[in-house]
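Spelled out from the first residue to the last, the chains are:
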Amino acid sequence: MSLLEVRDLTVRYGAVQAVNGVSLEVEAGECVTVLGANGAGKTSTLKALAGLMRPAAGEVLFDGRAVTGHPAHRLARMGVTLVPEGRQVFGPLTIRENLELGGFVQTADHTRRTLEQVLGVFPQLAPRLDSLAGNLSGGEQQMLAVGRALMSQPRLLMLDEPSLGLAPLVTGRIFEVVSEIAASGIAVLLVEQNVHRALQIAQRGYVLELGRVVLQGSSTALLADDHVRLAYLGHGMGEGE
Amino acid sequence: MSLAELPQQIVNGLVVGSLYGLIALGYTMVYGIVRLINFAQGALYEVGAYLGVVIFSVLADAGLRNPVLGLVVAIVVASALTGALALVVERVAYRPLRHAPPLAPLVTSLATFFLLMSIVQVVTGAQPLNYPQVLAVTPWTLGPITLAPTAALIAVVAIVLMVAMHLFVQRTRTGKAMRAIAVNRDAAALMGINTTRVVALTFALGGAMAAAGGVLFGVNYGTVTYNMGEFGGLVAFTAAVLGGIGNVPGALVGGLTVGVLSSFATMVLPNQWQEAVVFGILIVVLAFRPQGILGERVAERA
Ligand SMILES: Nc1ncnc2c1ncn2[C@@H]1O[C@H](COP(=O)(O)OP(=O)(O)OP(=O)(O)O)[C@@H](O)[C@H]1O
Ligand SMILES: [Mg+2]
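Chains as they are written, first to last, in this note's numbering: chain H, 1 to 241; chain L, 1001 to 1302.
By construction, these hints were calculated from the structure, which means they are not laboratory data. The beta-carbon is built from N, C-alpha and C at its ideal position, and this holds for glycine as well. Some hints could be false.
[Said to hold, decoys possible] Among chain L residues calculated to face chain H with C-beta under 10 Å, some are:
#, residue
1, LEU1190
2, ILE1193
3, ILE1283
[Stated by the list, open to error] Derived CB-CB ranges, DEER-like:
#, chain 1, residue 1, chain 2, residue 2, range
4, L, VAL1073, H, GLY29, 57 to 63 Å
5, H, ARG54, L, GLN1272, 49 to 55 Å
6, L, VAL1073, H, ASP109, 49 to 55 Å
7, L, ARG1171, H, ARG77, 22 to 28 Å
8, H, ALA37, L, ARG1098, 28 to 34 Å
9, L, PRO1128, H, ALA15, 54 to 60 Å
10, L, PRO1102, H, ALA28, 40 to 46 Å
11, L, ALA1126, H, ARG65, 54 to 60 Å
12, H, ARG128, L, PRO1128, 57 to 63 Å
13, H, ARG77, L, HIS1166, 54 to 60 Å
14, H, ALA15, L, PHE1279, 54 to 60 Å
Start from the sequences, fold in the hints, and give me the full structure.
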């Protein structure tokens, strides 16, 4: 049984059907990527899986339990976390407060210990704990967003385009951390425009087009696939965009 | 008008201003977290004041004569009941409209204001009600200033409550959750915060503070009237805007400022002009400094 099992997920914004019957699975400890062009429905899928949107149809099972339509705070308590598109750190709050909020579902004691671990992963945040998150650079904010998500000690970590708009050096560090997280046994569902890097980290991938899964397979198979090479790797290779 | 009156007017203004600040807290906290101006706040203040009368008379019937204990019980019970009423208001007038355009909950909050005001008017037969004498009447005198013990008491209680609320928002886990929701409700939900519950709690706290203000008003001025929520609500709203709506310390700063300014106004203008003066302050603030004294936030979009 997979940790996350999604069957025929459908997400709508009024009349707009953003996700149209997507099925996917993530095993415990596995890193899976979801690829797709702008507007393919990647963010909408993650929002529905994180409980920020109620699916119009379909079924979601987490750890064998039906969680379809559960609100985000309940899913967070079960260990499902999303690093949202555009980072969305709490700008007027300090870095420390952001991280503490990340550990909201944990006990205070637990949060103190996890904080040490997270600062170990992102040491550049340590000296700035009491400055405002809004004053950080984009790359630092992304690190904070990932660190904040780690504070909850998730079982499934979903990331929505963590490299978007970041300098290549920072992007490299983010991908490094994501693969470390996956290696530590946390299941990862990674949405990325940087297809090449994403397929290097992930074991498997799904390709979304117009809200449907058009292709799925191991990363090796996807990297070799003609459609993927033509549509996604042609401009995704090398540069972080 | 004589300048000799000035110190006394400042003191009067600070006393009444601390009350306005307490009511303003509800506007500012709700606005800060869900960007709604909850006009029901003025009515909750009035409901709290009337509940205070009821509680005092129940206590008197029960034979409780200790005035200070009575005041504490009245504030706590009136605040709890009004907080519960604010929860109902949130549930029926705000929550169903969460995804509606911002004007919709603004309109229902106004409707709730008029509804609650009418209920008080009908239930009480529009009769003013009297508060019992809680503390000795003999005022303290300090040079040109006289200060009634009750006046000092309400200012102290109001300021203590405001400071407590500030610390609650800044220091506690729930307060941190409130601030997170104020910045980004979805991101807060992703942290595991039950945003619906925290928002409801914010309404309840605002209602509780308004009720505390209502009871303190009754204790200090002796009489409560069926339309006190109109003026009280208006002044407190002005105080919230003046201090910077969404900003908790701003409620105190705005309350004290409006209190002192309208107190000065009574030195040069007849009493009937009070409302006009307060409206004037509101208009001037909105025109020249819509973010208020302490606030960086922009004014309501609607
Ligand atoms: N709030 C919204 N209201 C209406 N339609 C929306 C909304 N958000 C997204 N959509 C539509 O849903 C579809 C899928 O959008 P989504 O954001 O999920 O795509 P995406 O794959 O994440 O794209 P991107 O790569 O640009 O982030 C698009 O057609 C988009 O226009
Ligand atoms: Mg997206």
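Structure-based check of each hint:
1. Annotation: LEU1190 (chain L) was flagged as interfacial toward chain H, and the flag holds, the nearest CB pair being 5 Å apart, inside 10 Å.
2. Evaluation of the ILE1193 (chain L) hint against chain H yields a held restraint, the C-beta minimum of about 6 Å falling below 10 Å.
3. Because the smallest distance between the Cβ of ILE1283 (chain L) and any Cβ of chain H comes to about 29 Å, over 10 Å, the interface hint for this residue is violated.
4. Remark: the range hint 57 to 63 Å for VAL1073 (chain L) to GLY29 (chain H) is upheld by a beta-carbon distance near 58 Å.
5. The hinted window of 49 to 55 Å between ARG54 (chain H) and GLN1272 (chain L) holds, with their beta carbons roughly 54 Å apart.
6. In this structure the supplied range 49 to 55 Å is violated for VAL1073 (chain L) paired with ASP109 (chain H), their Cβ-Cβ distance being about 38 Å.
7. Between ARG1171 (chain L) and ARG77 (chain H) the beta carbons are some 23 Å apart, a value that agrees with the proposed interval 22 to 28 Å.
8. Restraint check, ALA37 (chain H) to ARG1098 (chain L): a C-beta distance of roughly 32 Å satisfies the suggested window 28 to 34 Å.
9. A beta carbon spacing of about 56 Å between PRO1128 (chain L) and ALA15 (chain H) agrees with the range 54 to 60 Å that was offered as a hint.
10. Here the CB-CB span from PRO1102 (chain L) to ALA28 (chain H) is close to 43 Å, well matched to the stated 40 to 46 Å.
11. For the pair ALA1126 (chain L) and ARG65 (chain H), the beta carbons lie near 57 Å from each other, so the given range of 54 to 60 Å is met.
12. The beta-carbon spacing between ARG128 (chain H) and PRO1128 (chain L), approximately 58 Å, falls within the hinted interval of 57 to 63 Å.
13. At roughly 29 Å, the beta-carbon separation of ARG77 (chain H) and HIS1166 (chain L) lies outside the given 54 to 60 Å, and the hint is violated.
14. Taken as a hint, the range 54 to 60 Å is violated for the pair ALA15 (chain H) and PHE1279 (chain L), whose Cβ atoms sit roughly 45 Å apart.
Consistency note: the structure conflicts with the earlier hints numbered 3, 6, 13, 14.
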